[in-house]
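Peer 1: The lines below spell out each chain.
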Amino acid sequence: MSIPNFIIPDLLLLVFPFVVIGSRLFCNFRSKVPWRIANIGFLLIFLLLNFIPLASGEGRFFICNWRVDDFGVLMREVLIVSAILGMWFSKDYFEHGADGKPQMHQIAEFIGAIAFATFGGVTVVSACDTITFFLGLEIATIPMYALTAWNKRDQLGSEAATKYILMGSVATAFELFGFSYLYGFAGSLHFDAIQSAVAAGPTPLLWIAVLFLFCGIGFKLTLFPFYTWAPDVYEGAPTPVTAVLSVTSKATAIAFLVVLIYGPFAPIQEQIAPLIALLAGATLFVGNLGALKQSRLRRFMAYSSIAQAGYIMVALLGTAVMAKTAIIYYLFVYAVSNYLAFFVFGIIGHHREEIFNSLRGLSKQNPSLAIALAISMFSLAGIPPLAGFFGKFHLFFSSATTGHYGLIAFAVLNNVLALFYYLQLVKSAWVDEPDGHLTPLRLTRRQRGVIILLSIAVVVLGALPFLSDNIFAGFSGV
Amino acid sequence: MINDLTLGYLILLLPLVTFVVNGLFLGNRCPKAAATLAIVCNGLAFICAATLAVHYFTSDLAPQKTILFQHDFLTFAGTLAATIGMLIDPLSLMMLVVVTFISFMVNIYSVGYMREDPSAGRFFSLLSLFSFSMLGLVAATNLFQMFIFWELVGVSSYLLIGFWYHKPSAVSASKQAFILTRFADSFFLFGIVLVSYVVQSFDFSTINALSLHAFKAETINLGLCTVSKADALVLGSVMIFTGGWGKSAMFPMHIWLPNAMEGPTPVSSIIHSATMVVAGVYLVARLFPFFTICHDTLKLIMVVGAFTMVFAAVIACTQKDIKRILAYSTLSQLGYMMFALGACKINQVVVTTGWTASTFHIFTHAFFKCSLFLIAGSLIHQVHTNDLDAMGGLRKKMPWTYWCCLISVLAISGIPPFSGFFSKDEIILAAFQSHHYMVFGLALLTSGLTTFYMFRLFFLAFHGVPRHEGVKAGHVHEDFAMTLPIVVLAVPALLSGLLGKGLFEKYFVVGKLHVPTLINHSYAGWIPVAAVAVALVALAIAWFLYASPKAKVERALDETNRSHLYKVVYHKFYFDEIYYAVVRQFIFGGVAATARFIQDYIIEGILAFTVWFTHKLGDLVRTAQAGYLPFYLGTLIVGLLLWRFFGGLPL
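Chains as they are written, first to last, in this note's numbering: chain A, 1 to 478; chain B, 1001 to 1651.
Keep in mind that the hints were calculated from the coordinates and are not lab data.
A hint or two may mislead.
[As the list claims (entries may be wrong)] Think about it this way: if two alpha-carbon atoms lie no more than 30 angstroms apart in a straight line, the pair counts; the simulated BS3-like pairs of lysine-lysine are:
| no. | chain 1 | residue 1 | chain 2 | residue 2 |
| --- | --- | --- | --- | --- |
| 1 | A | 293 | B | 1616 |
| 2 | B | 1396 | B | 1552 |
| 3 | A | 427 | B | 1616 |
| 4 | B | 1512 | B | 1299 |
| 5 | A | 364 | A | 101 |
| 6 | B | 1299 | B | 1396 |
[As the list claims (entries may be wrong)] Estimated spans, in silico, between C-beta atoms of each pair:
| no. | chain 1 | residue 1 | chain 2 | residue 2 | range |
| --- | --- | --- | --- | --- | --- |
| 7 | A | 184 | B | 1624 | 43 to 51 angstroms |
| 8 | A | 433 | B | 1080 | 51 to 59 angstroms |
| 9 | A | 266 | B | 1216 | 55 to 63 angstroms |
Backbone N, C-alpha and C fix where the C-beta goes; we use that ideal spot for every residue, glycine too.
One chain only, chain A, in its complex shape:
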């Protein structure tokens, strides 16, 4: 039996964590072999993904139940990029402690867990029935619980993980409840069958399913008012885990909604639009308000990512092609900008406490780092010509095509709020006088390289917005 080409990256990704963890059996714990294998593996998978041709229409099927379409391929790329950056980011934390937390151990298992979570995301975008779909979401989530508590000697981390898993269980229960009603409504697990049942005419059963599914995923996507775990978990988890959480977990959750809304629920998109709009508006408003009053960097990033989730939700009001295009592009931009910010904060955290005051006078002590910080903040705030601006523009544009101008106006107004707190960070770094008590910063070669790479990526993604057109050329055929 021959294996089709397009499935190879998925299979590799499935085998990959076992290889990385297994390699530990054959070498001592100081060995760099697992780290190298992980690097080669992820980069190889990313490379192979780029060989899958886009514009495949309905997508290709593997054993009838594993669909690889354009959106899926691009989401895989987002997830792998996030995993690679997260892995690079975490490396330092296995060499020495940071932000008052002890050094972490077992890098091979750590990377394995990230790979499992990534595979969960891949499963979500490939699923054709609710069981696989749900499994994917769980595969993506469960490693996150473990990752949050990775630092066994850190009590805050354990507390965070406890909160996370308890709330996550309730959310999972919501989802299962929703899926069970969905099955009850449609009488099938398969998406196509559900879609035709939905098109035939909704009943209260369906609406209950919709409500519970949205509330369940609202937890993962940190929507209002299900976001409460996020600030505590982001604060308590090790910094690299926070970074992975804010990108991989969010990307998986948004992919879940995209698959659902433009798949089984496509016929009732108009009826659920008010709910989406409300969720989006409330989330971005509360996220922005929360970020306004923070003084710790990771907590601040938690609220920032809550607000970003709200912005991404705005795009879900658009038509399928527009929304998918906008979301994929924004996720790329968001991943790059967010990781850039985290890298800067990580470097600060290795030498100082992770609070706003540690940034004082950064422009004088380490101008290149201050520039990188400014680039990432401006991009997250959506200032042209950086990538964040075009990303947000696509999101709003998608929603504008279906006429939700009120929400867009609200989101844009909120952007002013966002600008205020992002600029506070930039102000700390550029305007405030340096504090003599702060320990000087040192950058390793890897850190410097990644920061330069990401800064360039943010600028280039923005400066060449037509790149996005190229990326999505495949979509126009869908």
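We have chain A; now place chain B onto it with these hints.
Peer 2: For chain B alone, kept in the frame of chain A given last:
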């Protein structure tokens, strides 16, 4: 390689390059190099303009209009696009030559005048910007380009009048000039918007080729009222003229011009002769065919021009500040040019001689007025005061200046064969031919007044006994760099009328007009004789009062025993004071205070409240995040219920 197109680009680019290079690189470090560059570039620009003019007038193209180059840079809607180009016709070429020539002369002069000034580099840079702006203005092919350069002229005049920014009087003069002309410009802009909206074009060629009949039927909504498009065009023409009204310092927006002499004298010289103030006259001349179709707009122009002419001449007779006299004389001469344009219309018929006369007067006036200001600058540089009280007896000390000044004064007085005679004669003739006898009489009267106050200045400055210690002691000499341009300018002041008359009468004709034109003019041979006679009488009076052996100069300058009327005129009819009262009481005290109140309490209040409220909400979110797990789990349930009831799902 050097074709007409290159010349056209060079004329505009050379001053611009000078501005940029001097402003950014040379100005601060090396004022001498900056001066050299300015002189060379402006000289080259003059040569280019002159060559272009010779090409044009010797070709069989003249006097048609042609566009040398044109670039789109802003498309508004459909066919409405803003372009930057270069229009070539006799009028614009004449202006190009005059502006580059005057600028060249003034640059040379400034080498002497600004020799001891530490910021001479900045001066040369700004001077080039000034001439660049004016060149762009006269070369404009459309209203939009004209407005851009119009504003640039305003800005550069602001920078130059306030050049000595450490002097409070210079700062307030520059502000006054800028704000007053900007005030007029806002009407100009409104006029441009109105006209371009109705006509759907900025192009002079389109606007000048209009006739009102096509617009009688359609109406447009101006917000306050709905009017026919024809009326809107008339309103637009008045608004556009208002721009020129302010720029050319016509009454009652004249007060900035005499005060603008706070700038260095070369600046006054270039403002009064070639760049700033003639822009208004040029605008009216350029859009003349458009103005002719707009009912009574020309009559308004005539009344404004004629009144300013007499009004300024009367004031000039009493002033003692040498630059102030010249400033009022400029106002008066601008009045001549303006009313000559306005006087072209008799009821519904147009006589175009006024147009030719007016453009001719722009040409001749530039030379002698520039020369007069440079001479005044020379005197001030030697005597260190503007006051005629302190001059006198300079004839022997400054012979070159003396003779050149005589030429220019004779020219402005309209004594043949000096240049002013020809152009002024044509203007008076035009007033006569268009049957505006009242204005004709005023023009003759003003001609006499002009002669009187110019010779008053001349006699008081050069004749008699020295009234200044420095002059008595002999500390007076002629500076070469300053005297050279004065001497050079004396040549066109003497000859430009004689030589230019033929050229102007042949080529300076308005294009096709959409109104009935009167071809057969009445010609009155006695008018030049009468004008000269009036001038000679005025000269005699001036001589009798200020220069004859019996004249009591001391008594003439004494101002203690004067009539009330004299004092009113001496204080310029108290116009400055009226302006200040209005500005202080009404604008600052009333409007500005109210605006400030709204800003401080209402807008800032709303803003402060919004910020406070947002921060309170932020605190709320923060407080909710207490880390209490049961509360968190509760939010999940509450959230579910929340979206159940408010989520808009049809449950």
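Peer 1: Would you mind marking each hint as holding or not holding in the structure?
Peer 2: Hint check results:
1. A/293 <-> B/1616: It holds: about 10 angstroms lies between the C-alpha atoms, which stays within 30 angstroms.
2. B/1396 <-> B/1552: Holds - the C-alpha atoms of residue 1552 of chain B and residue 1396 of chain B are around 21 angstroms apart, at most 30 angstroms.
3. A/427 <-> B/1616: The hint holds at about 22 angstroms.
4. B/1512 <-> B/1299: OK: residue 1512 of chain B and residue 1299 of chain B at ~20 angstroms, within 30 angstroms.
5. A/364 <-> A/101: With a Cα-Cα distance of about 28 angstroms, the restraint between residue 364 of chain A and residue 101 of chain A holds, given a limit of 30 angstroms.
6. B/1299 <-> B/1396: Roughly 48 angstroms separates the two Cα atoms, so the pair is violated.
7. A/184 <-> B/1624: 43 to 51 angstroms: 35 angstroms, violated
8. A/433 <-> B/1080: 51 to 59 angstroms: Given a distance of about 53 angstroms, which is inside 51 to 59 angstroms, the answer is holds.
9. A/266 <-> B/1216: 55 to 63 angstroms: 59 angstroms, holds
Figure legend: structure checked against the earlier numbered hints; hints not met, in rising order: 6 and 7.
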